[in-house]
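S.K.: Below are the chains, spelled out letter by letter.
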Amino acid sequence: MASGHGWFGSGCFCSLGGVGCHRKRKDGGDGEDDISFLLQKAENVGKEWKKMERKKIKTCVAIAGADYCVIAADTRMSTGYSILTRDYSKICKLADKSFMASSGFQADVKALQKVLSSRHLIYQHQHNKQMSCPAMAQLLSNTLYYKRFFPYYAFNVLGGLDSEGKGCVFTYDAVGSYERVGYSAQGSGATLITPFLDNQLKSPSPLLLPAKDAVTPLSEAEAVDLVKTCFSSATERDIYTGDSVEIIILNGKGVRHETEQLRRD
Amino acid sequence: MVSPQTENSLLQSEGDLQRTQYPYVTGTSVIGIKYKDGILMAADMGGSYGSTIRYKSVERLKQVGKHSLIGASGEISDFQEILHYLDELILRDNMWDDGNSLGPKEVHNYLTRVMYNRRNKFDPLWNSLILGGVKNGQKYLGSVSMIGVHFEDDHVATGFGNHLARPILREEWREDLTFEEGVKLLEKCMRNLLYRDRSAVNKLQIAKITEEGLTISQPYSLKTFWNFAAFQNPTVGAEGSW
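Residue numbers (full-length UniProt numbering), protein chains in the order written: chain H, 1 to 265; chain Z, 1 to 242.
Simulated from the structure, these hints should not be mistaken for laboratory data.
Yeah, the Cβ is synthetic: ideal placement off N, Cα and C, and Gly gets one too.
Some hints here could point you the wrong way.
As the list claims (entries may be wrong) - Listed below are the simulated BS3-like cross-link pairs for lysine-lysine, each with C-alpha atoms no more than 30 angstroms apart in a straight line:
| no. | chain 1 | residue 1 | chain 2 | residue 2 |
| --- | --- | --- | --- | --- |
| 1 | H | K114 | Z | K188 |
| 2 | Z | K203 | H | K114 |
| 3 | Z | K66 | H | K114 |
| 4 | H | K93 | Z | K105 |
| 5 | H | K114 | Z | K105 |
| 6 | H | K114 | H | K93 |
| 7 | Z | K139 | H | K114 |
| 8 | Z | K203 | H | K93 |
| 9 | Z | K121 | H | K147 |
Claimed, not checked - Pair ranges (Cβ atoms, derived):
| no. | chain 1 | residue 1 | chain 2 | residue 2 | range |
| --- | --- | --- | --- | --- | --- |
| 10 | Z | K66 | H | T229 | 48 to 54 angstroms |
| 11 | H | D265 | Z | T224 | 29 to 35 angstroms |
| 12 | H | H257 | Z | E172 | 29 to 35 angstroms |
| 13 | H | R263 | Z | H163 | 42 to 48 angstroms |
| 14 | H | R263 | Z | F225 | 33 to 39 angstroms |
| 15 | H | L208 | Z | E171 | 51 to 57 angstroms |
| 16 | Z | T178 | H | K202 | 54 to 60 angstroms |
| 17 | Z | N117 | H | H125 | 52 to 58 angstroms |
| 18 | H | P195 | Z | E211 | 51 to 57 angstroms |
Stated by the list, open to error - Listing some non-contacts, in silico: residues in chain Z with all C-beta distances to chain H over 10 angstroms:
| no. | residue |
| --- | --- |
| 19 | N94 |
| 20 | Y116 |
| 21 | E175 |
Okay, chain H solo, but in the shape it has when bound (with noise of 0.2 angstroms):
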């Protein structure tokens, strides 16, 4: 798998480009009638695509430690220049143990948290227990990618704790690729944050031999103070972000929900 960093960067790319490797098969000559129908639709979804970027919500970030989780993202909802509200929150609870921040298009965002709860409670009747989070994370992989000539427009963390009640991160593209990480940022804050992040961080290479546990060295209440300066950084130069942050702390004891102001402007 790509590192979740790469394949955000390029996210809207990398599926767009999906497209292009259709219209090459097409030209190849099988199966004509069925992938011009096809290449249609994907083409209306470029268009689209480019239509759904003006509604969009923005900014997460989460940080995972070695006994806690950090989930944040700010409240602003905006389309183009104009901010719709400035309290939406893009936090969803999707178990007791996993939250999902996300970014991109709000009303596919609504309809993958509709998808995705429904599909627990079922997994709930089931099983008669709440699902973990990387089995969430396995889940919303496989929700997304279910559409993947069709993708749902959202970029998504899922934080939470596993079942050994240690920080866990996943980072997501559009289509569903995604990694476990020890921090991650997306939206249009992700290129402010992210460098930030890897700064401050400084986790042990992903390429190391053998391989070291990316959970941050930090306290929780470090984790937390870092993610609010990340915030009030970010929404220096982002004009997506702002408003307020909302701030979500999972540990061995239980949920905590905090906000902050940010500015406004």
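On the provided structure of chain H, position chain Z as indicated by the hints.
M.R.: Here is chain Z on its own, set in the frame of chain H:
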């Protein structure tokens, strides 16, 4: 290799020509606010055919069921189609005859699904909708767009209203606004839109919905004042070569 003609006919067999590619007759902004006892909404009665103001008595505020009020901007025919969907929804709900009724939250959710479903078919209903209502003492005010984007807020506005009215609302809106204050605030917003939105007309309706029920005002017009120096000679202080 598919020839362009074949591709074209495939395209048409997909019913591409039936899709709304662009709107014909459109209504401009709608504004909605929460106030002490419920929800207030305002919309003018213009129906624009491109830049021509073609219709001047279009009712864009309508009652939905017992507890809800809908306001629409965008394609008027699509709005009228939506009203048919809602009529059917309410009728089928009433047929249960179980004493339950759909509240504004449910209607808003329904609209959200309809709008998002149609955009997924690349055949959107070309509207921005505002839905308000009161049920069981709970005030509700939300908005849905053409492509299914939806949210709730204390005040909402569509189109130009988002640019011109919402900054005023953010300054002046309060939770405990009285009816009179609310109407005054809405009129201030509508007057601003009238001055700066070329497709706005000076004939509007204001609707009120509370626990007691819904009233939509008779059409009326606002007092305007065009003698501001900047209105009379807009180029003063910004002289060009011509």
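S.K.: Among all the numbered hints in the text so far, which are the ones the structure does not match?
M.R.: Of the numbered hints, 1, 2, 8, 13, 17 and 20 do not hold.
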